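2 protein chains.
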Amino acid sequence: MAAPLTVYLAGPDVFLPDAIALGERKKQLCARYGFEGLYPLDDTVSAAPGAGPPDRLIYRACVALLRRADFGIVNLTPFRGPSADAGTVYELGMLIGLGKTVFGYTNVTADLLERVQRSDSVTRDTAEPAWRDSDGMLVEDFGNADNLMIDAALAEQGHEIVRIAAPPADRFRDLTGFEACLQRAADHFAGDRAR
Amino acid sequence: MAAPLTVYLAGPDVFLPDAIALGERKKQLCARYGFEGLYPLDDTVSAAPGAGPPDRLIYRACVALLRRADFGIVNLTPFRGPSADAGTVYELGMLIGLGKTVFGYTNVTADLLERVQRSDSVTRDTAEPAWRDSDGMLVEDFGNADNLMIDAALAEQGHEIVRIAAPPADRFRDLTGFEACLQRAADHFAGDRAR
Numbered sequence: 001m002a003a004p005l006t007v008y009l010a011g012p013d014v015f016l017p018d019a020i021a022l023g024e025r026k027k028q029l030c031a032r033y034g035f036e037g038l039y040p041l042d043d044t045v046s047a048a049p050g051a052g053p054p055d056r057l058i059y060r061a062c063v064a065l066l067r068r069a070d071f072g073i074v075n076l077t078p079f080r081g082p083s084a085d086a087g088t089v090y091e092l093g094m095l096i097g098l099g100k101t102v103f104g105y106t107n108v109t110a111d112l113l114e115r116v117q118r119s120d121s122v123t124r125d126t127a128e129p130a131w132r133d134s135d136g137m138l139v140e141d142f143g144n145a146d147n148l149m150i151d152a153a154l155a156e157q158g159h160e161i162v163r164i165a166a167p168p169a170d171r172f173r174d175l176t177g178f179e180a181c182l183q184r185a186a187d188h189f190a191g192d193r194a195r
Numbered sequence: 196m197a198a199p200l201t202v203y204l205a206g207p208d209v210f211l212p213d214a215i216a217l218g219e220r221k222k223q224l225c226a227r228y229g230f231e232g233l234y235p236l237d238d239t240v241s242a243a244p245g246a247g248p249p250d251r252l253i254y255r256a257c258v259a260l261l262r263r264a265d266f267g268i269v270n271l272t273p274f275r276g277p278s279a280d281a282g283t284v285y286e287l288g289m290l291i292g293l294g295k296t297v298f299g300y301t302n303v304t305a306d307l308l309e310r311v312q313r314s315d316s317v318t319r320d321t322a323e324p325a326w327r328d329s330d331g332m333l334v335e336d337f338g339n340a341d342n343l344m345i346d347a348a349l350a351e352q353g354h355e356i357v358r359i360a361a362p363p364a365d366r367f368r369d370l371t372g373f374e375a376c377l378q379r380a381a382d383h384f385a386g387d388r389a390r
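So the sequences go chain by chain: V and H.
For the first sequence, our numbering begins at 1 and goes up steadily by one.
For the second sequence, our numbering begins at 196 and goes up steadily by one.
A hint or two may mislead.
Unchecked claim - List of simulated lysine-lysine pairs, DSBU-like, C-alpha gap at most 35 Å:
#	chain 1	residue 1	chain 2	residue 2
1	H	Lys295	H	Lys222
2	H	Lys295	V	Lys27
3	V	Lys100	H	Lys222
4	V	Lys27	V	Lys100
5	V	Lys100	H	Lys295
To be verified - Facing chain V, from chain H, some residues (calculated, C-beta under 10 Å):
#	residue
6	Pro212
7	Pro248
8	Arg251
9	Tyr254
10	Ser278
11	Tyr285
12	Leu290
13	Ile291
14	Gly294
15	Lys295
16	Glu323
17	Leu343
18	Ile345
19	Ala350
20	Phe367
I should point out that these hints are in silico values taken from the structure, not numbers from a laboratory.
The structure displayed is predicted, hence computed values, not measured ones.
Every residue, glycine too, gets a C-beta built ideally from N, C-alpha and C.
Work the whole structure out from these sequences, hints included.
Here is the structure:
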C-alpha cells in the first residue's frame with residue numbers, strides 16, 4: 001500500500017490555548033479520510049544555542065512542511081479583522097505558487113463587504129460605482145468570503161471556499177468545514193489513489 | 196542593452212480612489228531605478244460576454260503578472276486591522292512559492308504586538324508565558340511588523356521589512372519605503388546587470 005497523501009493544515013488554530021489538542025483532532029480526522037495531516041506545530045523547533053532566532057526557525061519548519069505536503073487545507077475564518085489570518089493567507093499563496101491543490105473553509109458565512117460594513121463606516125460612491133471604507137479604500141463587492149485573490153485561487157482549482165455558520169464562540173474550533181474539505185479532497189484524489 | 200528587470204507592485208494601493216495615478220508614480224520611480232513596474236491594474240480585464248466573472252478575470256491577470264515578474268515589492272502597511280492587506284499577503288506567498296526575490300515595506304513602524312494592543316484587550320499569561328487577545332488567541336511577540344511568516348519570508352532572503360513612520364493621513368500613499376525597496380533591489384541586482 002502506498003504512503004498516504006500528506007496535507008498541510010494551515011490556520012489560526014496554532015494561536016489557540018489548546019492549539020496542540022486541536023491539531024491532534026485535525027490529524028485524527030485526516031487519518032479517517034486516508035491522509036496524513038502536517039500541523040505547523042509538529043516540528044519541534046530546536047532551542048540549541050546559535051540555531052537562530054525562534055521566529056526564523058518556526059518559519060523554516062513550516063516551509064519544510066509546506067514543501068513536503070501533497071496538498072493543503074486552509075482555515076480562512078476571519079481573524080482580527082474582516083480577513084483571514086495573515087500567516088494562513090501567506091501559506092495559501094505559497095502552496096499555490098508551489099503548484100499544489102488547496103481546499104479552504106471559513107466558519108463565518110457573511111461576505112467580505114458585509115463584514116467590513118459591520119466594523120467600519122462604508123459608503124456608496126454612486127459615480128464609480130463602488131463601496132468605500134472610512135479611509136476611502138474600495139471594498140470589493142463580488143460576494144466573496146475574502147479578498148478576491150483568496151476566493152479566486154481556490155475557485156480556479158474548481159472548489160470554492162466552504163462557508164460554515166459556526167456558533168461565534170466556537171468559530172476557531174468548529175471542524176465542520178474542515179471535514180467538508182477532507183471529503184472534497186478524498187473525492188478529488190480518488191482517481192490517483194485507484195491507480 | 197538587455198530588457199529591464201520587471202517588478203510586481205503589490206499593495207492595497209489598488210483600492211485608493213487615485214489607484215491608477217499612484218500606480219503611475221510607482222512605475223515612474225521603478226524606471227528611475229532601471230526597472231519596469233508591473234501594476235495589478237495594468238491589464239485591462241476583458242468585458243467580453245462569456246469571458247468569466249470579473250473577479251476571476253482580475254485574478255488571472257494578476258497571476259500572469261506575478262509569473263512574469265522577475266521580483267516583487269510588497270506594501271505591507273496594515274490594512275483594516277493589525278495585519279497587511281490579505282491580497283498583498285497572498286501575492287507575497289505566491290512570489291516566494293515561485294522562487295522570486297521580494298522586498299517589502301510598511302508605512303507604520305509599530306510592532307504587531309503593539310498594534311494589537313492598541314485595538315484589542317491583550318493580556319499576559321505569565322504561566323506560558325504568552326500574550327493573548329480578547330479571543331484567547333496568542334499574539335506573537337518577536338518584534339516583527341506582522342505575522343512571523345511575512346517578516347521571516349523576507350528576512351530569509353536577507354532583507355528585513357523596511358519600516359517607515361509615514362504621517363497617518365498619508366500612510367497609503369507615502370512612497371519613502373517603496374523607494375528604499377527600489378534602492379535595495381538596485382543593489383541586489385547590480386551584479387546581474389553588470390554581466
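Do the hints match the structure? See the list:
1. Lys295(H) x Lys222(H): holds (19 Å)
2. Lys295(H) x Lys27(V): Holds, at roughly 32 Å.
3. Lys100(V) x Lys222(H): holds (32 Å)
4. Lys27(V) x Lys100(V): holds (19 Å)
5. Lys100(V) x Lys295(H): Measuring from Cα to Cα gives roughly 17 Å; hence the hint holds.
6. Pro212: holds (6 Å)
7. Pro248: This interface hint holds because 7 Å falls under the 10 Å limit.
8. Arg251: holds (5 Å)
9. Tyr254: holds (3 Å)
10. Ser278: holds (4 Å)
11. Tyr285: At about 4 Å, which falls below the 10 Å cut-off, the nearest Cβ of chain V leaves the hint on Tyr285(H) intact, so it holds.
12. Leu290: Where the cut-off is 10 Å and the nearest Cβ of chain V is about 7 Å from Leu290(H), the hint holds.
13. Ile291: holds (6 Å)
14. Gly294: holds (8 Å)
15. Lys295: holds (9 Å)
16. Glu323: Holds - the Cβ of Glu323(H) comes within 10 Å of chain V, reaching about 8 Å at its closest.
17. Leu343: Cβ of Leu343(H) sits 4 Å from chain V, so the hint holds.
18. Ile345: holds (6 Å)
19. Ala350: Holds: closest Cβ of chain V sits about 6 Å from Ala350(H), inside 10 Å.
20. Phe367: holds (7 Å)
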